[in-house]
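Turn these sequences into a full structure, and let the hints steer you where they fit.
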Amino acid sequence: MASANTSKELLVKVDHLSVTFHTPRGTFHAVRDASLEVHRGELVGVVGESGCGKSTMAFSIMGYLPGTASVEGSISFEGQDITQMSDTQLRKLRGNRIAMVYQDPATSLNPTMKIDAQMAEVLNEHTDLDSSAVRGRSVELFESVGLADPETIGQRYPHQLSGGMQQRVIIALALACEPDLLIMDEPTTGLDVTTEATILDLVADLKDRVNAGILYVSHNLGVIARVADRVVVMYGGQTIEEAPVGELFKQPRHPYTAGLLSCVPKPPEEDGKIVQLSSIPGSVFPSKSPTADACLFADRCPIAQETCSSQAPLLLDTGGGHVSRCIFHGNVEPGIWGEDKLLEAREEIAHKETPLLAAKGLRRFYGSWQRKYLFFGPKIKPPVRAVTGVDFEVAKSSTLGIVGESGSGKTTVARSVVGLVPRDEGVLELSGADLAPDVDDRSSNQQASVRMVFQNPTASLNPKLPNRHSIMRSLQKFSGLTPAESEERAVQLMEAVGLNPEFLDKRPGELSGGEQQRVALAGAFAASPDLIVADEAVSALDVSVQAQVLELLKSHQRETDASYVFISHDLGVVRYLSDDILVLYAGHVAESGPAEAVLNAPSHPYTEALLSAAPVPDPDAVPTLIRLEGAVPTLREEFTGCFFAGRCPRKLVGKCDESPPPAQVDAKSPEHVVHCHIPLDELGKLQQAGEPVGAALTRPS
Amino acid sequence: MTTQSSVTQIDRGVGSARPSVIATGLANTKALLHLAVRTPAGRIGLPLVLLHLVLIVFGPLLTPYSPTEFHSIPMSGEEAVAKATSDVDFRIYTESGRLPQSTNKQALVQFYQAHLGAVDQTGAYNADVSEARLNKLAQEWEEDQRVYIAGATGKLRTLEAPSVRFWFGTDNFGRDILSRVMTGATSLISVAAAGALLGITFGTVLGMSSGFKGGRTDEVVMRVMDGMMSFPSLLIALLVLTSLGPNPVNVVGTLGVVSVAPVSRVMRSVTLAVKNLEFVESARLRGEPTLYITFREILPNALPVLAVEASVRFSYAILLVASLGFLGLGAQPPSSDWGLMISESRRFIVAAPWVAVAPAVAVATLVIGVNLLADGIRQARDLPMGND
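Residue numbers (the working numbering), protein chains in the order written: chain A, 1423 to 2123; chain B, 24 to 411.
So the derived list for chain B, only partly shown, Cβ under 7 Å to chain A, looks like this:
no., residue
1, Leu300
2, Glu301
3, Phe302
4, Glu304
5, Arg307
6, Leu308
7, Gly310
8, Glu320
9, Asn324
With a Cα cut of at most 30 Å, we get these calculated DSS-like pairs of lysine-lysine:
no., chain 1, residue 1, chain 2, residue 2
10, A, Lys1782, A, Lys1803
11, A, Lys2090, A, Lys1976
12, A, Lys1899, B, Lys298
13, A, Lys1710, B, Lys53
14, A, Lys1710, A, Lys1928
15, A, Lys1629, A, Lys1430
16, A, Lys1514, A, Lys1430
17, B, Lys298, A, Lys1928
18, A, Lys1928, A, Lys1899
19, A, Lys1899, B, Lys236
20, A, Lys1782, A, Lys2073
21, A, Lys1803, B, Lys236
22, A, Lys2077, A, Lys1803
23, A, Lys2090, A, Lys1782
24, A, Lys2090, A, Lys1818
25, A, Lys1782, A, Lys1976
26, A, Lys1928, B, Lys53
27, A, Lys1695, A, Lys1976
Residues from chain B that keep clear of chain A, each with C-beta distances beyond 12 Å, as calculated:
no., residue
28, Ala184
29, Pro185
30, Thr240
31, Phe254
32, Leu258
33, Asn270
34, Leu295
35, Pro357
36, Phe371
37, Pro376
38, Thr388
Don't read these hints as lab results, they were simulated from the structure.
Even for Gly, the Cβ is constructed at its ideal location relative to N, Cα and C.
Here is the structure:
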């Protein structure tokens, strides 16, 4: 493969790799034909959706595959072929010359060993340092990954560290023996977006500092745009495109890459208009199917022609270090997935009439007062305040997006609205009628009007019952149709969500994640609800599937005037879908109002931090460095001062600790409320000058 | 894929005939068994279990001989008398196997002569010697002297080693052990199965309801179960059966009682694991009643676990019933209950080990078969679920 960095030393060369798993369940072609190179000093990003084989390829470079795997092709690391090596030889390489960082930091560290001990394990295995030298090197490494207190952190156990700190420790472990190759498999996927931003900063920094090649696997195009020098795109177990990062994002030469890029929500144009997401129809080429003698993407491709289905394409060099597996790569232009349509501008929602859902002063506590002597004695610790005094309104046929990180209380709010978690205080009204705290106490009409869609599509459906179950139950209970009519309606619903009605009789296990989520949506739509609460409903889905589901939600809203409460940590998705946005922090409302008003200056400092932390799929975007350290606190005691005072980068010494922030109304947009001590015009000026609120917010001209 | 079922439906909704819990459960169990056969444990376990199932259903029909028939070598009446008078060890029994009172050799000869007339021309014994008459005769003689009265047509084939004629040999009454083992399956297994089923049903209902409810109710119920489990099951059985009498109904009831606690614990833990999943929350949001959620949504997911637990309970039940039979608190003679057979064979286990071995092997193969099958089902459940 042609590479722009031929001057740098070649570390890994994967050549026509193919990995097949032979299991009792069947034969899986995880990797069919993958080729890539990693040179010293560069970061190669590997992008693909689930099932494309990127993680398998990463593991096979380590030589770490189960016994059921058969490998063809070659992986040469510094000249030696990994596929031919024995276990002993591999063990000498792993941790020493090739190191890996995994997705979930909590399970990657041994919970019963102190951090020091785990670091010493690595150093003692591969180096000859004595114990004091080991300790010295540990402190050095902890410092280099940006951990506070590098001297004392070694004495802690993994569970005493936050997710971000754990991941830094893992990176330190990986760097311990100065490896030549660092493989990172989705290291930030399990972290909050602000923590993710700090880790990505670290990775970008490492690139310059450490004399190694880095292979970074991710499904998130924004992350790849941020850190990668070159990008490899994988589909159906094949590497289908490889290019320097700027070129890949601006001028993709494979229809799939172009499709992926148009599926990701992007920041709006300068005039505030948002580009409509297109989607890739069909589903990923299944890994159970044998490698066809054709292009694996042909049946979903908008520019496919006869030859695409009859001939397996090879990787073609298109010049400038850009490689593509598309015979017609010259035809890949911006319009192939549909003309760039702009979304209609959102109508100003008339907030004067009775809102569909009104919440005032919601409060929810978890646990109870901790007493000094277990059950007796004076109270010493109050219960956890998950949600404190949250107010919001949702108008008919509109979407309220709720944004916040883990611990912000958004899930608790969602569940309170729906009635799964009974609120402790506060008022919830649906079209003016009071909603009982517990769902069992609500009237049948109210139960039908408020439905919920969950994050985990597989757990949302009963695995032992056919797919028709949830739809039919909803229809039976709420719609008053005869069985024959219910059957017809079920078919209609399935078609509305874009699924073959035959799937009604199948079981959830036979469907992919995206299809399962759509069945769950059909079940929610079945009762013709007025309000649907979507709790991270698209977070577990692949990018192309996510786009399909978002479009589905939008079209359903257009047709039925339903409202949504859409909860997500992904600001891009929230911006795409929401009319109004509510930003929560530690159970308090930080900011609320129409979507564009909230996301533009002036914003609450927390919103600002979220915006600057969110990775954007544009390699030229300059990341602003508003970084928050630590995690969202768990609040217990009554405290004076602002709930964000602990982490606020714009904190005013004195004022912010003494009194709770006032709710300031934006003069330009009366529905926009910010809870901050800093006067709004000043905040706006600060955010637009000096450090602008996310240069990532608008695309650079 | 939908099965039209007319079995009673638990959901009271406006229903077109949709598969009920039982039909779905059966389909799932069948699928599970198919998978279980693919595992090494299941491959051994299932044939063993099937063998015993065949024995239960067809055993009494397939026996080579009757289980109560005393086999003997034909002998003429004169030969019998001659042998009786000369051979001290020549023993004779009545049809019921009971030995009437005894007397000395002289009286024996007298007795024979009195009866010789009852022997017909072919030398076959005319069963005119009724128990009552023999006992009366016996009573007329002094105590402490033994006489054994001519029975049947000759010498009983007692304690014969396994041969072509009797594959498992004969016992101390000349009965064919193979036939007895084959017929013994029914009483043992049916009692064990009934008791286990009783315990499983109650245990499931109790455990799942308690698990779903949670809170204090759950705690109380579980502590009661803990209390029940702290008593050894055999002890409880002995207590119940000696006070209420050793009949099959009592045995079934006792088995049920001792099986409830472990089953309820297992089902409760499955319920706890499942009840927080999103599809259960979806059901709650639809306003489904608790009973519906527990038995329509959660139970189908608990069936694989239940299948394993049922097999374990069943094998414990078998061992318990066999132990009770051994102790004489279960079936009574002349039943061919395996436990009873083992108990009766204790006296001559050194001289004729096959009498004890055959029923012991039968019990062992059944229990091992059931346990291997349970293992197979457990392994099959952990196999990556195929979509077939």
